[in-house]
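From just these sequences and the hints, can you work out the full model?
In order, the protein sequence lines correspond to chains A and B. Under this note's numbering, the first residue of the first sequence is numbered 1, with each subsequent residue one higher. Under this note's numbering, the first residue of the second sequence is numbered 1, with each subsequent residue one higher.
It is possible that some hints are incorrect.
[What the hints assert, rightly or not] Restraint ranges, calculated between C-beta atoms of paired labels, are given here:
1. Asp363(A) to Asp499(B): 47 to 53 Å
2. Pro415(B) to Glu330(A): 53 to 59 Å
3. Arg192(A) to Ser350(B): 53 to 59 Å
4. Ala211(B) to Arg222(A): 44 to 50 Å
In case anyone wonders, no lab produced these hints; they're calculated from the structure. Ideal placement from N, C-alpha and C gives every residue a C-beta, glycine not left out.
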Amino acid sequence: LNTASKRLVFRSQISFRASTILLVLSLAANAAMAASPRRSMLPVKATLPVKDPAAGPPADTTLLDAMQSELHRAMTSLGAGPVANASAPAVKPYFLSYSVNDNESAAITAEFGAITNSTTSHNRIADVQIRIGAPSLDNTHGDHRTSALTTMPLPLTDDRAAIERSLWFATNRGYGKAMDALEKVKTEQQVRAKEEDTSADFSEQKAVDDVLTAAPPLTVDRAAWVDRLRAISAVFRSHTNILYDTAILQVMHETDYFVSSEGSRVAAPQELVRLIIIARTRAADGMDLYRAETFESDTAGKLPDQAEVLAKTEAMAKNLDELRTAPITEPYEGPAILSGRAAAVFFHEVLGHRLEGQRQRGDEEGQTFTKLLGKPILPSFLSVVDDPTLAQLDGHALSGHYLFDDEGQPAERVDLVDSGVLKDFLMSREPIASFAESNGHGRAQTGKMPTGRQGNLIVSSTKTVSEDELRQMLKDEAKKQGKAYGLYFEDISSGFAVTTRRSPQAFQVIPLVVYRVYVDGRPDELVRGVSIVGTPLAALSRILATGDKQDIFNGECGAESGTIPVSAVAPAMLVSEIETQRQAQGTARPPLIPPPPLTDKAQPAAAQKGGR
Amino acid sequence: MRNSVLFLAAVLAASPALPVASLAQQHHAAPAAKPAAASDLILNAMKDELTREQQLLALPGMQRPYFMQYRLEDVQTYEALANYGALVREVESHQRAVRVDVRVGDYTTDSSTNRGEGSVEFTATDNDPDALRSALWTATDAAYKNALRAYAAKQAALKQFQNPPTANDFSQAKATTRIEPLLSLDINRDDWKHRVIEASGLYAVDPAVKAFAADVQFASAQVTAMVVNRYTVNTDGTMLRHGYSWYQDLINIGGQAPDGMQVARDNGTTATAAAGLESWPAMRKRMIDDLLSYNELRNAPVVAADDYHGPVLFTGDAAADVFNRLVVPHIEADRPDLGTTARTQGAYASSLHSLVLPTYISVVDDPTMHTFEGQSLLGSYAVDDEGVPVAPVTLVKDGELVNYDIGREPVKDFPASNGHGRAGLVQGARSRAGVVIVKSSQNLTAEQMRAKLVALAKDKGQDVYEVETLGGGELTPRLLYRVSPDGKRTLVRGATFDDLDQRALRADIIAVGGKPWVAQTTGPIPETTIVPEILFDDITVKRAVQEQQKVPYYAPPATN
Numbered sequence: 001l002n003t004a005s006k007r008l009v010f011r012s013q014i015s016f017r018a019s020t021i022l023l024v025l026s027l028a029a030n031a032a033m034a035a036s037p038r039r040s041m042l043p044v045k046a047t048l049p050v051k052d053p054a055a056g057p058p059a060d061t062t063l064l065d066a067m068q069s070e071l072h073r074a075m076t077s078l079g080a081g082p083v084a085n086a087s088a089p090a091v092k093p094y095f096l097s098y099s100v101n102d103n104e105s106a107a108i109t110a111e112f113g114a115i116t117n118s119t120t121s122h123n124r125i126a127d128v129q130i131r132i133g134a135p136s137l138d139n140t141h142g143d144h145r146t147s148a149l150t151t152m153p154l155p156l157t158d159d160r161a162a163i164e165r166s167l168w169f170a171t172n173r174g175y176g177k178a179m180d181a182l183e184k185v186k187t188e189q190q191v192r193a194k195e196e197d198t199s200a201d202f203s204e205q206k207a208v209d210d211v212l213t214a215a216p217p218l219t220v221d222r223a224a225w226v227d228r229l230r231a232i233s234a235v236f237r238s239h240t241n242i243l244y245d246t247a248i249l250q251v252m253h254e255t256d257y258f259v260s261s262e263g264s265r266v267a268a269p270q271e272l273v274r275l276i277i278i279a280r281t282r283a284a285d286g287m288d289l290y291r292a293e294t295f296e297s298d299t300a301g302k303l304p305d306q307a308e309v310l311a312k313t314e315a316m317a318k319n320l321d322e323l324r325t326a327p328i329t330e331p332y333e334g335p336a337i338l339s340g341r342a343a344a345v346f347f348h349e350v351l352g353h354r355l356e357g358q359r360q361r362g363d364e365e366g367q368t369f370t371k372l373l374g375k376p377i378l379p380s381f382l383s384v385v386d387d388p389t390l391a392q393l394d395g396h397a398l399s400g401h402y403l404f405d406d407e408g409q410p411a412e413r414v415d416l417v418d419s420g421v422l423k424d425f426l427m428s429r430e431p432i433a434s435f436a437e438s439n440g441h442g443r444a445q446t447g448k449m450p451t452g453r454q455g456n457l458i459v460s461s462t463k464t465v466s467e468d469e470l471r472q473m474l475k476d477e478a479k480k481q482g483k484a485y486g487l488y489f490e491d492i493s494s495g496f497a498v499t500t501r502r503s504p505q506a507f508q509v510i511p512l513v514v515y516r517v518y519v520d521g522r523p524d525e526l527v528r529g530v531s532i533v534g535t536p537l538a539a540l541s542r543i544l545a546t547g548d549k550q551d552i553f554n555g556e557c558g559a560e561s562g563t564i565p566v567s568a569v570a571p572a573m574l575v576s577e578i579e580t581q582r583q584a585q586g587t588a589r590p591p592l593i594p595p596p597p598l599t600d601k602a603q604p605a606a607a608q609k610g611g612r
Numbered sequence: 001m002r003n004s005v006l007f008l009a010a011v012l013a014a015s016p017a018l019p020v021a022s023l024a025q026q027h028h029a030a031p032a033a034k035p036a037a038a039s040d041l042i043l044n045a046m047k048d049e050l051t052r053e054q055q056l057l058a059l060p061g062m063q064r065p066y067f068m069q070y071r072l073e074d075v076q077t078y079e080a081l082a083n084y085g086a087l088v089r090e091v092e093s094h095q096r097a098v099r100v101d102v103r104v105g106d107y108t109t110d111s112s113t114n115r116g117e118g119s120v121e122f123t124a125t126d127n128d129p130d131a132l133r134s135a136l137w138t139a140t141d142a143a144y145k146n147a148l149r150a151y152a153a154k155q156a157a158l159k160q161f162q163n164p165p166t167a168n169d170f171s172q173a174k175a176t177t178r179i180e181p182l183l184s185l186d187i188n189r190d191d192w193k194h195r196v197i198e199a200s201g202l203y204a205v206d207p208a209v210k211a212f213a214a215d216v217q218f219a220s221a222q223v224t225a226m227v228v229n230r231y232t233v234n235t236d237g238t239m240l241r242h243g244y245s246w247y248q249d250l251i252n253i254g255g256q257a258p259d260g261m262q263v264a265r266d267n268g269t270t271a272t273a274a275a276g277l278e279s280w281p282a283m284r285k286r287m288i289d290d291l292l293s294y295n296e297l298r299n300a301p302v303v304a305a306d307d308y309h310g311p312v313l314f315t316g317d318a319a320a321d322v323f324n325r326l327v328v329p330h331i332e333a334d335r336p337d338l339g340t341t342a343r344t345q346g347a348y349a350s351s352l353h354s355l356v357l358p359t360y361i362s363v364v365d366d367p368t369m370h371t372f373e374g375q376s377l378l379g380s381y382a383v384d385d386e387g388v389p390v391a392p393v394t395l396v397k398d399g400e401l402v403n404y405d406i407g408r409e410p411v412k413d414f415p416a417s418n419g420h421g422r423a424g425l426v427q428g429a430r431s432r433a434g435v436v437i438v439k440s441s442q443n444l445t446a447e448q449m450r451a452k453l454v455a456l457a458k459d460k461g462q463d464v465y466e467v468e469t470l471g472g473g474e475l476t477p478r479l480l481y482r483v484s485p486d487g488k489r490t491l492v493r494g495a496t497f498d499d500l501d502q503r504a505l506r507a508d509i510i511a512v513g514g515k516p517w518v519a520q521t522t523g524p525i526p527e528t529t530i531v532p533e534i535l536f537d538d539i540t541v542k543r544a545v546q547e548q549q550k551v552p553y554y555a556p557p558a559t560n
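Dropping the structure here:
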């Protein structure tokens with residue numbers, strides 16, 4: 001069903017928006033960590049071992065062999081002879097890779113205590129990447145990056161002849177596309193002024209030969225989860241002001257296969273389980289308000305038990321009810337605390353996206369940090385790494401974990417900011433003036449060209465205080481600035497960062513739960529409709545101190561190279577000045593008439609079983 | 001590198017716990033219409049909520065709805081696709097959506113627009129009346145608010161126009177109660193899966209075709225099924241449970257001629273039940289025939305560089321495609337834009353009682369016809385999606401346009417529905433055709449039609465053309481034959497038609513007869529068009545101007 005229903009619009013808002021960079025982050029283990037005893041986790045501990053690679057079945061060598069032999073045939077055939085009806089001589093590609101994503105997934109969705117959808121799927125998609133010309137200048141230059149990529153579905157079975165024929169079809173088509181693009185690139189190069197960054201278009205890397213196990217076959221206890229999801233979404237039945245709710249279980253097992261003309265041969269598994277609960281209400285003035293709870297793990301068995309999920313769902317529903325009637329925010333400029341989770345989003349948006357390598361070159365890019373390498377960009381007590389090799393942190397799964405990136409490069413821990421000083425960027429195989437090589441961050445959704453992206457972005461601090469102290473510092477700072485209150489951002493949802501030159505270098509994150517913390521000792525007051533505005537560089541330099549425990553924020557991040565899972569980890573932060581405004585809002589009234597009465601049998605059942 | 005599960009195509013594990021299965025059984029146990037209606041949990045929940053909304057829904061100081069309709073669609077789909085002899089996709093889905101239409105104003109002028117203002121929500125596949133009513137409640141609220149806004153905008157717009165609309169916005173209709181048996185998706189998945197796998201791999205293994213396997217760039221076969229059960233209640237008192245289904249198998253072969261021109265063959269069969277699709281031997285034969293035809297087309301000469309003006313015989317689906325493009329959309333009475341005085345939209349907006357076809361041709365729309373020469377007809381139905389029963393309608397009588405297919409949104413001189421208010425999935429109802437039959441009083445056989453064509457060639461002392469199937473673009477010939485005065489047929493490629501329009505239908509047809517073709521359209525609304533062969537006197541055939549693509553840069557992998 002492909003329709004412009006309000007719900008679909010809502011869903012797309014919380015999932016991803018094309019052409020902007022945005023983050024849909026979920027809270028994963030946050031509350032669990034807060035509930036456990038205080039501990040100092042700073043700085044980040046050593047890498048935890050990844051899951052035992054011997055756990056899964058062997059990788060599909062028939063598939064890998066078919067990929068490899070067809071790749072070899074293409075490399076030896078393309079450009080070897082004249083093309084029958086072409087005037088120009090054929091050119092040999094200098095690089096060819098086949099990247100195959102074998103993905104098994106299941107999703108079950110419930111609303112208002114009833115199942116609305118249950119799907120399973122199995123797809124094998126090949127991304128064929130062809131580069132013609134030379135690494136110094138090839139068909140991907142400038143705006144032609146996607147000319148290297150052709151996507152094709154592959155057989156789901158190990159039918160070698162059909163796999164090879166499919167790869168041939170995509171390679172042949174891709175080669176034509178690449179030839180066209182190279183012509184355009186060459187013409188454009190002659191017309192334009194010298195580029196600021198004259199880096200090559202493709203880095204040289206060593207071949208990687210590492211065939212790990214495949215992901216195990218996907219199994220979901222469907223009957224049990226159907227019951228659980230019904231019960232979770234049934235929580236909202238008794239909250240009559242909540243207009244929309246959904247509980248979704250997503251389970252995904254996938255294996256990525258990669259071969260290249262450089263001799264790489266890689267297979268690596270990935271498993272991800274996500275339980276998402278979303279609810280929405282509308283204030284009397286038409287402001288739509290929503291909350292989301294997300295639980296992540298690598299297997300469904302490790303998700304929290306039903307009692308815990310139900311308790312969190314109930315708390316979320318109550319909070320949303322309170323938000324609905326909370327006073328609306330006033331424009332504000334003053335000190336604020338970002339909770340660990342809020343700070344994590346803040347860093348992902350403001351810093352992380354701007355440290356993506358490809359943003360340091362190109363005519364359209366803002367290049368905020370390009371010239372600041374080796375210079376302080378953060379207070380000296382803050383350090384930032386991106387470490388996709390971490391599968392978990394303190395026992396909690398990290399969504400941004402991977403073993404190899406989507407260019408077949410091994411994942412690497414990258415020290416981006418060390419004691420406030422900018423040290424590195426997130427590099428794919430697209431070089432920039434300061435860095436010629438990949439550091440294992442070339443990531444993409446299937447069907448997109450990889451670019452430098454975040455994995456697990458982790459902010460650590462050496463200037464930490466307890467949460468109580470941080471709160472006192474907020475009040476002191478507010479008093480100093482003559483404010484009646486400071487703001488406490490407890491929960492933040494999605495935001496987007498605009499890093500191109502023509503847009504203001506602003507970020508926007510969407511705070512969901514914000515409190516006023518009064519200096520005169522009045523109890524904290526929940527407010528609604530807050531949105532943060534401001535310039536990122538300034539905001540980063542205004543961090544005064546941090547809390548002493550980190551929160552994990554797991555979610556999906558969308559950008560040019562598609563939607564990919566990421567994590568962001570940060571402690572709470574006190575910022576001396578943050579500017580907020582009232583968020584743009586709808587004007588539609590809440591429903592005119594009360595919700596329909598529940599059937600007689602629904603109510604006692606819900607009381608007895610906590611569900612329907 | 002992963003897709004978000006949310007955005008993946010829906011596949012539904014066929015679970016015995018599925019509510020639809022149990023509902024279907026429940027229905028079979030209750031054959032009488034009335035008890036089924038009384039016990040239909042979904043219809044009852046819809047009726048309950050509609051009654052409640054009707055009593056309560058109001059915004060102080062604003063008009064209340066004068067008409068509301070709820071429609072729930074239960075949609076099941078299955079699809080299996082194979083390329084080169086291997087399965088690449090198998091997808092199954094089951095989803096439900098409700099569409100709420102609310103009209104504010106009155107029958108003369110209301111909130112409706114050509115865009116349609118209804119509200120749509122997905123809803124539970126569980127038969128849960130609470131969840132269903134909750135979805136209806138929010139959808140009704142949104143639809144009513146949209147209707148109020150649309151009504152205000154329309155009142156303002158009407159003030160700008162000199163002429164009032166030429167027809168009312170909505171027509172009255174009697175309450176209808178009709179409960180049809182629930183349809184279920186019934187197809188032997190394993191069987192069909194193996195058929196598409198085998199069919200798509202024949203190019204490389206069958207002795208009749210494997211010699212040119214290297215020239216087949218793309219070979220694919222697919223089976224698709226969709227079953228829709230619709231539940232409708234409205235404030236007229238109508239209570240409706242009906243649905244439709246279609247099953248389709250398709251073959252798709254593609255590649256290039258030696259000069260780089262894109263060449264393709266794609267076709268298949270369509271029926272209302274899986275049993276109505278072609279047998280495996282027939283499908284296998286079709287694949288081989290298509291492969292041979294593809295190869296013949298690849299090696300066929302390109303049509304002459306100089307334009308041809310003269311007779312062209314349209315046979316097979318080519319004639320049906322001409323009617324589907326040039327006639328059917330125009331006999332569907334779409335309301336004219338606000339402020340215009342036209343009767344409808346399209347080529348026949350002002351053609352009532354004019355000759356639009358030769359006097360020996362009549363066109364009837366008869367959705368009550370279920371089969372034609374043993375084929376089940378997709379466009380068949382008894383009651384339309386607005387609850388109006390349908391009867392045969394003569395649209396063109398002896399060449400003269402006398403009527404339109406029309407739903408409950410009237411046009412000038414046609415104040416009432418004739419049962420053609422039909423809706424695409426989650427869409428509002430529009431005037432749409434059902435089973436359009438083109439009849440000729442000439443009673444010519446296929447042989448006589450061909451003889452006429454050859455006679456014309458002889459008369460003119462020149463080659464003429466016959467087109468058997470279209471494809472690759474709007475009214476573009478795919479299988480086009482040059483026919484010489486001695487009757488010899490030569491396949492040519494790379495042609496387009498010119499001057500093929502409503503004027504040609506009116507003035508250039510010289511014979512209609514021969515074997516009728518049953519063209520079935522699956523979506524957005526299932527329709528059938530049955531058209532015999534058509535001989536035109538004066539159509540232009542010219543060489544297509546198209547960019548010649550490069551032939552493959554390297555050979556495909558060897559097949560054994």
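- [ ] Starting from the hint 53 to 59 Å, judge whether the C-beta atoms of Pro415(B) and Glu330(A) obey it.
- [x] Holds - the Cβ-Cβ distance for Pro415(B) and Glu330(A), about 58 Å, lies within 53 to 59 Å.
- [ ] With respect to the beta-carbon atoms only, verify the hint that Ala211(B) and Arg222(A) lie 44 to 50 Å apart.
- [x] Holds, since Ala211(B) and Arg222(A) (Cβ atoms, about 49 Å apart) stay within the stated range.
TODO: Kindly confirm whether 47 to 53 Å is satisfied by the beta carbon distance between Asp363(A) and Asp499(B).
DONE: With a Cβ separation near 49 Å, Asp363(A) and Asp499(B) satisfy 47 to 53 Å, so the hint holds.
TODO: Determine whether the Cβ-Cβ distance between Arg192(A) and Ser350(B) falls within the hinted range of 53 to 59 Å.
DONE: Distance hint for Arg192(A), Ser350(B) holds at roughly 56 Å.
The structure agrees with every numbered hint stated previously.
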